[in-house]
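Engineer: Join these two chains into a complex; the hints should help.
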Amino acid sequence: MSDTLAPTHRFPFVQPNGDPLVPVPSPGSERVARITLPTGREAWLVSHHDDVRQLLRSPDFSSDFSHPLFPLLREAPLLDESRRAGFFIGMDAPDHTMFRRFLTPEFMIKAMRRLEPLIRETVVESIESMRAAGSPADLVEWFALPVPSMIICHLLGVPYSDHAFFQQRSRTLLNRKSSMPELRAAGDELRGYLADLVAVKQRDGGTDDLLGRLAVERVATGEITAQELVGISVLLLVAGHETTANMIGLGTLVLLRHPDQLAQLRERPELIDGAVEELLRYLTIVRTGLPRLAVADTEIGGQVIRAGEGAIALLSAANRDPEAFARPDEFDLHRAAHSHMAFGFGVHQCIGQPLARSELRIAFAELTTRLPGLALAGDQTDLVFRDSTVFGVERLPVTW
Amino acid sequence: MSEVPAMRVEVDREACCGSGNCVMAAPDVFDQHESDGLVVLLLPEPPPELHDAVRQAVHLCPAGAITVAG
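So the sequences go chain by chain: A and B. full-length UniProt numbering numbers the first residue of the first sequence as 1 and each following residue consecutively. full-length UniProt numbering numbers the first residue of the second sequence as 1 and each following residue consecutively.
Chain B extracted, bound-state conformation (with noise of 0.2 Å):
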């Protein structure tokens, strides 16, 4: 059985343009922050249920500001 890697998850406050469309894809994983609006990183090493949905996100952000490794 080959294991699921590992998947480290990072966000750019800065670049973050608030599309909210990463809590639309991964929910359990993005969340905006309730002052400004901004992302918000809830699991940074998300379990292999959610690659998925975490690759969504890094495809749907307008803003380039979600990055992974592995």
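Next comes chain A alone, as it looks inside the complex (with noise of 0.2 Å):
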């Protein structure tokens, strides 16, 4: 099966002249494609939701991805020890295990709902100092990115006034476009930073915060390293701030294209939690899939991928795919969207879910009916979709 030798397509696939809102489907007519990845590595893309599912369970595919077979989407600078320290997005069991169980206690729901009356300040705060800038503003500026940014800086103990200072490498970190050096001085500052911040949370002996607590409660224990909680804590940053911003982005302006929907959902607040889903599954923002190693051979959709093989994991695809949600590029916000994999799947499923559904339960709830002339400003055409590992939008320009 896997001998004969079918054509191999260029991944990830550029998107035609059509909605970029549409994710771009595989060229090929195979199940499980054969693809070369930009590292000129050839690898299998799953795409069907019933196989994305398989694998993204399976204790047959690794996440190590500082195996030399590790199906990279490019070259990464990450793979020396010390800048790997911690980063357990890219580690298996025990390892990954060890560094999850750290943080599940402060991502659980319960932890979250407790979090809601601050989300909703930030949120209204946001919101009215928009309004006070006046119309039209670029959402994106003043609405989507400082709120998830504001409340990932609480949570860890990062202080908010240096959000220039880490988005900005966050995005040259999960631009596609960026060279080597490039992402080596970014990972490096951001790195530094965190460092100096762990440093005055272990003298301190620990603030009320994330970094403050496992400062005291792993680091002191020597259960992990310092460098370990840089690792962790610069994950936690870039993926609590950037995807987030990108889901309300990208959510708001999908929510002004349907205004049936949006209509009904300012009627019906109890739709709200229904819309984030299938916000969630249409939008799919990490755009490029979730990369695996088998170590084992494994049968996919009918293809055999034999150990040592690379497969991508295309989500996107996955939550499209008309076998999972009928009628799938149809934005719908009464469909239970539920089993959608927008956060991944298997033990690396998105760690910080129920607080990305909190922030955009609440910022769509107060933005829909705090500002009821919500539309979208200026030329349509001249929306800037980003090209990174997380979809999204520029600037949102609206009027209210």
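What the hints contain is simulated information worked out from the structure, not anything from laboratory work. Ideal placement from N, C-alpha and C gives every residue a C-beta, glycine not left out. Check each hint, because a few of them may be wrong.
Away from chain B, derived, C-beta distances all over 12 Å, residues of chain A [said to hold, decoys possible]:
#	residue
1	25
2	72
3	85
4	118
5	209
6	261
7	368
8	374
On the chain A side, residues computed to face chain B include the following (Cβ under 10 Å) [unchecked claim]:
#	residue
9	53
10	105
11	106
12	107
13	109
14	110
15	111
16	115
17	348
18	349
19	350
Structural biologist: Okay, here's the thing in structure tokens:
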């Protein structure tokens, strides 16, 4: 089966002149397609909903991106040990399990519910600041980016006043066009900044925030090193604001492009939970998928993927699989979209998803009720979408 | 009238990755422990009206940590 030479497609696929909100379909007809990554290495592309579930939940696929055969999408500057410390997204059990366990109480649903009054306050203040600045305004600048940035700063114990510094470096790290020196510099600067912060938390004997708690409960006890805590903090800081920011920006765009559904959401606020799940499914902002390395021969979707071969789990395609979701390219907030995999699947599934859901729910609810006249401003053909690991819109001019 | 078969739920805390998806799907049956955030089984034999929610929790669990019999 795997010995037949299937045509190879260059990945990631380029968006033709269609709607950027519709993910680019796989060009081949094979269920599991052969692709060539930008590094020149070949891998398998898995895009059906059932197959992606199987792949991401299987212990036969490794997340260890330091492995020489790992199907990276670009040369990675993270391969030496000091840069990789604590970066548990690229680890397997038991290391991944240990780091993840330290964080599960910090992000559990109850903890996020306790945070909701602060999220609401932050959302309302941001809307009021934007309103005070006057219409039209860029929703990304005034709302979508600051809200999750302020919340993750509060949670981690990072001063929000440093937001310009870490936002700019985060963007460089996620931008697929960044050069190796740019990536290395951005990563090292972010790590240096957070190393200083962790040192202060250790000296001060534990502040009441995630980094302060881990500094006392895990670093002081010798369970992890300060360098590993720095790695954890880089991961949480970058993932904690860029992803949600892009979901708020793009989600607002989708709601404004579906005025009948937006009107229903305004009339029936209880629809918000379903709307958030559908936005997550419809947008699936991690557009380049999740890479994995087979460590045992495994059949996925009729294709044997052999140990040592790479596979990309294309979440955006799985979330538009007609076998899993009827009329998948339609945005329908009445759809029960809970089985989407916008947060990934398997033991690496986004640990911040309860936080993201709380933020998205509150952000869209307050935005739609407080600005009933919210509308897109300017020429829609001017919208610039970001070619990044995390899909987004650069600016979203709105009036109200 | 056909009787709804009993359902027995089991959770594997070792496998649990603390996603909280089970709590979202069936909050009467599952919770997360305050100290470690991992799954706590509240109702090992949930009543029939909760069976669909439990099946959804099984489906949504990213770690495959929930099993049902019956």
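Engineer: For every hint, state whether the structure bears it out.
Structural biologist: We went through each hint and held it up to the structure:
1. Residue-level check passed: residue 25 of chain A sits 25 Å from the nearest beta carbon of chain B, beyond 12 Å.
2. For residue 72 of chain A, the requirement that its beta carbon stay farther than 12 Å from each beta carbon of chain B is met, with the minimum near 23 Å.
3. Separation of residue 85 of chain A from chain B is adequate, the least Cβ-Cβ distance of about 21 Å exceeding the 12 Å criterion.
4. With a cut of 12 Å on Cβ distances, residue 118 of chain A stays outside the contact zone with chain B, its closest approach being about 19 Å.
5. The Cβ of residue 209 of chain A lies farther than 12 Å from every Cβ of chain B, with a closest approach of about 17 Å, so its non-interface assignment holds.
6. Every CB of chain B lies more than 12 Å from the CB of residue 261 of chain A, the least distance being 22 Å, so the non-interface label holds.
7. At the 12 Å boundary, the C-beta of residue 368 of chain A stays outside the reach of chain B, the nearest C-beta of that chain being 22 Å off.
8. Under the 12 Å C-beta cut-off, the non-interface status given to residue 374 of chain A relative to chain B holds; the minimum distance is some 28 Å.
9. Using the Cβ-Cβ criterion of 10 Å, the hint placing residue 53 of chain A at the interface with chain B is satisfied: the shortest such distance is roughly 9 Å.
10. Taking 10 Å as the C-beta contact cut-off toward chain B, the hint placing residue 105 of chain A at the interface holds, the least distance being around 4 Å.
11. The criterion of a C-beta within 10 Å of any C-beta in chain B is met by residue 106 of chain A, whose closest approach is roughly 7 Å, and the hint holds.
12. Contact between residue 107 of chain A and chain B, as hinted, is supported at the beta carbon level, the nearest pair being about 7 Å apart and thus within 10 Å.
13. The interface hint given for residue 109 of chain A holds, since its Cβ lies 4 Å from the closest Cβ of chain B, which is under the 10 Å cut-off.
14. Interface restraint check for residue 110 of chain A: the shortest CB-CB distance to chain B comes to about 6 Å, inside 10 Å, so the restraint holds.
15. Hint on residue 111 of chain A holds. Least Cβ distance to chain B is approximately 8 Å, under the 10 Å limit.
16. Restraint check, residue 115 of chain A versus chain B: the minimum CB separation of about 14 Å is more than 10 Å; hint violated.
17. A least Cβ separation of about 8 Å between residue 348 of chain A and chain B falls short of the 10 Å threshold, and the interface hint therefore holds.
18. Below 10 Å, beta-carbon pairs count as interface contacts, and residue 349 of chain A has one with chain B at about 4 Å; its hint therefore holds.
19. The interface hint given for residue 350 of chain A holds, since its Cβ lies 8 Å from the closest Cβ of chain B, which is under the 10 Å cut-off.
Of the numbered hints given earlier, the model fails hint 16 alone.
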